[in-house]
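Residue numbers (the working numbering), protein chains in the order written: chain X, 1 to 295; chain S, 1001 to 1517.
Please keep in mind that the hints were generated in silico from the structure rather than gathered at the bench.
Note that the structure is predicted; figures quoted are calculated from it, not measured.
Possibly wrong hints are sitting among the right ones.
Said to hold, decoys possible - If you only want the chain X side, here are some residues facing chain S, beta carbon under 8 Å, derived:
| hint | residue |
| --- | --- |
| 1 | K90 |
| 2 | V113 |
| 3 | V134 |
| 4 | Y142 |
| 5 | R146 |
| 6 | N194 |
| 7 | S243 |
| 8 | S284 |
What the hints assert, rightly or not - The following residues of chain X were derived to be distant from chain S, with all beta-carbon distances above 10 Å:
| hint | residue |
| --- | --- |
| 9 | S17 |
| 10 | N53 |
| 11 | D59 |
| 12 | N99 |
To be verified - Think about it this way: if two alpha-carbon atoms lie no more than 16 Å apart in a straight line, the pair counts; the simulated EDC-like pairs of lysine to aspartate or glutamate are:
| hint | chain 1 | residue 1 | chain 2 | residue 2 |
| --- | --- | --- | --- | --- |
| 13 | S | K1450 | X | E205 |
| 14 | X | K90 | S | E1054 |
| 15 | X | K90 | S | D1192 |
| 16 | S | K1064 | S | E1148 |
| 17 | S | K1197 | X | E95 |
| 18 | X | K119 | S | D1056 |
| 19 | S | K1431 | X | E225 |
| 20 | X | K286 | X | D212 |
| 21 | S | K1450 | X | E225 |
| 22 | X | K119 | S | D1181 |
| 23 | S | K1197 | X | E94 |
| 24 | S | K1435 | X | E225 |
| 25 | S | K1237 | S | E1222 |
| 26 | S | K1376 | S | E1514 |
| 27 | S | K1478 | S | E1401 |
| 28 | S | K1438 | S | E1514 |
| 29 | X | K72 | X | E176 |
| 30 | X | K119 | S | D1192 |
| 31 | X | K97 | S | D1192 |
| 32 | S | K1197 | X | E114 |
| 33 | S | K1087 | S | D1135 |
A virtual CB, placed ideally from N, CA and C, is assigned to each residue, including glycine.
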Amino acid sequence: MIAFNKYYNKFNILSVSLVVVSLLLLTFKGLNFGIDFKGGTLIELRASESKINVSSLRDNLNQMNLGDVSVKKFGNETDFLIKFENNDNKNVIEEIKTNLDKSFGNNFNFRRVENVGPKVSEELLKSGIIAISVALILMLIYIWIRFEWQFSLGAILALFHDVIVTLGLFSLLGLEINLSIIAAVLTIVGYSMNDTVVIFDRVRENLRKYSDIKIFELTNISINETLSRTLITSITTLLALLSIFFFGGEILRGFSLAMIFGVIFGTYSSIYIANTVLVRLRVSQKTVLKEDGSN
Amino acid sequence: MLYFSKLRIVFVSLISLIFILIASSNLFKFSNDLLNKKINLGLDLQGGSYLLLEIDNSPVVEQKLQNLTITIKNYFKEKNIRINNLKISNQELSFTVDNQFKQTVLDEFNDEESNLNPYYPRFKSHQLNIEEKNDLLIVNYSKQGLVELKTSSQDQALEIVRRRIDEIGTNEPNILKRGNDRILVELPGLDDPMRIKSLLGKTANLTFRFVASNTEDSFGTEKLKYEDSSEESVVSKRIILSGDNLLDAQPRMNNETNETVVSFTLDRVGAKRFGKATSTGIGKQLAIVLDGKIISAPVIRDTIASGSGQISGGFTFQSATDLALLLRSGALPAPLNIIEERTVGPDLGQDSINAGMIALAIGFALVILFIFIKYKIFGLITNIALIINLFLLIGVLTIFEATLTLPGIAGIILTVGMAVDANVLIFERIKEELKDEKNNLIAFDSGYTKSRTAILDANITTLIAAIILFFMGSGPIKGFSLTLGIGIFTTLFSVYFIARLLTVLYVAKNKQKEGLI
Chain X
1 MIAFNKYYNK FNILSVSLVV VSLLLLTFKG LNFGIDFKGG TLIELRASES KINVSSLRDN
61 LNQMNLGDVS VKKFGNETDF LIKFENNDNK NVIEEIKTNL DKSFGNNFNF RRVENVGPKV
121 SEELLKSGII AISVALILML IYIWIRFEWQ FSLGAILALF HDVIVTLGLF SLLGLEINLS
181 IIAAVLTIVG YSMNDTVVIF DRVRENLRKY SDIKIFELTN ISINETLSRT LITSITTLLA
241 LLSIFFFGGE ILRGFSLAMI FGVIFGTYSS IYIANTVLVR LRVSQKTVLK EDGSN
Chain S
1001 MLYFSKLRIV FVSLISLIFI LIASSNLFKF SNDLLNKKIN LGLDLQGGSY LLLEIDNSPV
1061 VEQKLQNLTI TIKNYFKEKN IRINNLKISN QELSFTVDNQ FKQTVLDEFN DEESNLNPYY
1121 PRFKSHQLNI EEKNDLLIVN YSKQGLVELK TSSQDQALEI VRRRIDEIGT NEPNILKRGN
1181 DRILVELPGL DDPMRIKSLL GKTANLTFRF VASNTEDSFG TEKLKYEDSS EESVVSKRII
1241 LSGDNLLDAQ PRMNNETNET VVSFTLDRVG AKRFGKATST GIGKQLAIVL DGKIISAPVI
1301 RDTIASGSGQ ISGGFTFQSA TDLALLLRSG ALPAPLNIIE ERTVGPDLGQ DSINAGMIAL
1361 AIGFALVILF IFIKYKIFGL ITNIALIINL FLLIGVLTIF EATLTLPGIA GIILTVGMAV
1421 DANVLIFERI KEELKDEKNN LIAFDSGYTK SRTAILDANI TTLIAAIILF FMGSGPIKGF
1481 SLTLGIGIFT TLFSVYFIAR LLTVLYVAKN KQKEGLI
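Extracted from the complex, chain S is given alone in its bound form:
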């Protein structure tokens, strides 16, 4: 127990040295890649925004059911079955069918080979469920069908969110999936998330539709408000062009009207349709609708065959830039809601770093002073181990390029306070052993041996708490559990290798000395 081979001494010193180097790479620049790693600062320390977005999938479900109505009608028409009273409400599609055909319809829906209702053999489930209620047949999404739908809309939304954020050009954004209907966005260094929030809050569903000639709400048309006034217009539901046909969009200054506009270029299909619509619809009003609101509804004066055009609508340069950005990055499959937001300004982050460092320095100094007064020469040994422990801890965090948060700093300070426990357990045990045993070497040896179970127990209990926190906690709290957990391992290393090595060296030189500790 008390013997250290030369090889081991070299090994321990080398490891300590390496970690001191790695830990100090946070302060200095090294040309070496291995050494040039840095601890990441959490959003609470460097400032930035954390946004948790939830995808509202209900419009997607409604839209899919809406599309389904046509599919169902056509599908059964071929089989000479008439589907009546198609209605969508509460994310359910209901219809009626003559009694004699009811079973056929049910069978078609429940057929595993049918194209109408895809079957997932892996989950033993259809995409849609169908049930009979009174005279009605009710179709809705099965659990698995809903999961499928959510996952696909999450994938699309993630892509669009990434494009929008990349366009703004914030540094190193972190965009991750959470569950199957959430997206987590971390934006370091951003102190005013207002613009990003408003950009992410827009679905950016752009359509070009004719303004209807009759002013009454009727079949195939809908009443829509204007973006910048309370006026309304009745607009056809038929979509001439949508955002999907856009190749590019840029904010421009219109030299004639001295107005800021968004100019756009269409793809081939879009250009063709636009050309056709503008040639047949001369004199008509073409409404440009974004997310259910009319931006503008200019009168068509000429056929536009070039496949490019302009949107005007009283934009400022900023709003034109944002609209162009939204159009370039594409429409979200469903609206996003911000359900959690945490933003820390850079100056508060810096204040937190300073406060954390001061607390660490003072806490460290107090513990070191107390231990030195209490144990003198062995206090010194404990303190050397404690200092190296701190380097080890910071070194490990650096190697993994872990994220340090304010609670993480608290975890480091707490580790400093609790790390001496193991050495205290050992030294107190040695003191007891020395009461009966005059040989210093034997007393130290059994002191180390007999305190081992208590030390292990003590550290395992703390480790359990740290692990649970790591898996349950979010953001800053995860940082706390990380430093606390890694601190346990570095503490054990520093106690059993560094402090013990120094103790061995000292005791070996003072075998006969009484009252050693």
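Isolated chain X (complex conformation):
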């Protein structure tokens, strides 16, 4: 049996610091919102001429008065991603096409064009925030129905931890937040909850079974009993996610990366946050028996 409980305090300090650092990052550095939430235009280009590079493209586009243009390589050597802020010009894409063809010859394939107006991006951001909030609230209601309040608190704290730290990491690394990241965060919420609930189920079962074991020990027993399941499921999920990350193409990379972070944090938090909350609230056999009696 691994003595997870020996490190409860240390990891709690770590988690609190991680959350604080993440919140600071989110407040001061902020998130790198993509065009979905900030508005603007995105163009994915493929050049058939290998001489074309980021700086020559950037120089060319900078002459067009597009405002702040970002040009990046996108996966392949010949693939580029161009982004710029909202522009009143309705024909801007056509003009870019003409301009690039004039400067570099007819060597471009416009693989993807996305244009999100300011009103739409505002709405998307709002609905993204609402979606995550609604998910958290529904999870809260669900766990509140299923478990005693101490358990609910533990699970929700673990959930907030996972969401905040994942977003904090995205802020730290400057990774782009777009619609698929919202999908990833919601899936993380589901996954983290799932992981916590499985351990909690066992804690409750053991609380009923043993009246003489303190919660500090009891959580450790429960974590160990469910450990191989926790690990196997995390591994298979990570295997699936890693294969999306490496082979699923450039578009799914951000999504799978967020999910990978989320699964790791989710697994960690169900052990080191959810359970320590039970310990700190001195949950005992009485907690679960009282509930059974009142039902």
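Given chain X, put chain S in place with the hints provided.
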């Protein structure tokens, strides 16, 4: 728990078989209609354009208020009340009236029976609001009146958008209402939306008006620019003919001038008016105005009574074709703005499909290998259930002819990764039970029973996330929530019917064997 009746075995095998057939119908052609269904590919996989259009209703409101000025004037004239200082600004109509009549005017507007200001009993609201501000009376659209106006202009716009897109002939366009002032257009397989965008961006409001003899801007005339030059002309506001009177419009080659023109045919009313105007106006210039710009202003040489004519204006064949198309499909009630556009080229779509399939194959192979190494014979059972699960998932998507997107493929891969969880929970529980219980059957039975709540909990939490995503997400993300959500049900089926059936069959044959799992 561990007992399967013969009937159930047949049932489970049959369902699995049917779904394998349905799922494989995506690859082969079946003559049977039920089997010949296919998963739709989302725009991000097959390539195509997604356009979100917003109707700019402010010109409509202005126009309606403009019409209202005449109505109000005439309405109160009959009652011997003079309306003065009619003015429209900021979507509001203001006027003054002698103090003694003020109350009468207000009453007329607020009368539920009045023809002047329609009343909607269902919403307990008038179409227009009226209020007193200093000496002015101010009329504007009520909330309900605005909703009414928006809905009707959305209906008209939708019809016109559909006609324009149908005329171009793209395959299976999807044109839907969004809210009360937006229209969503999905155009699969279209890799350059430029032409459609420019066609949808034009209101196509065509009018024939006389060029005014005086060159100064005065009452009843306005200064308009020419389409192809910066020149201006002063044109009468009086409309002789509008696009509504057009029966047909076609691009033509004019043999005399060797120029591309748009020829048009008028309806009876239009032909009459056109005939009259051309007979009284010989020698005058007739301006053909499209969306506030003059296309051309030919001099009338002869009376045209045939009800058909030509528009010339330095067209290329393409621009003449487009103009004819716009005129045939009619004018939009209000300008449309493209507020969101997402276009994916067909080759990127194909690349995404390939990448998704490779990721699915590799992810699947890794999970299967890992589970087999971990659980041996029971790993094999889990894997068989997992493979059938995949067929079930694809089968359900096929039956509903659901739309598969790239995030949707990610959802399938993720389902593969998470689907083993239920079986892992069961097997780990059985292992624990076997520590105290020597009878394999009993241990397996209680393993299944005791793991059930955890499995349900785990799946409900994921389902909650999937449902929220389905209702909040758009396009590709909806596809993700769909596969994730359906994946939960197919997983539960494959775990509790297929994997359990195989487990039962195996355990029944090895009741006494030790270290079974």
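(message) For a quick check of understanding: which of the numbered hints are violated here, in increasing order?
(response) As far as the earlier hints go, 8, 30 are violated by this structure, in ascending order.
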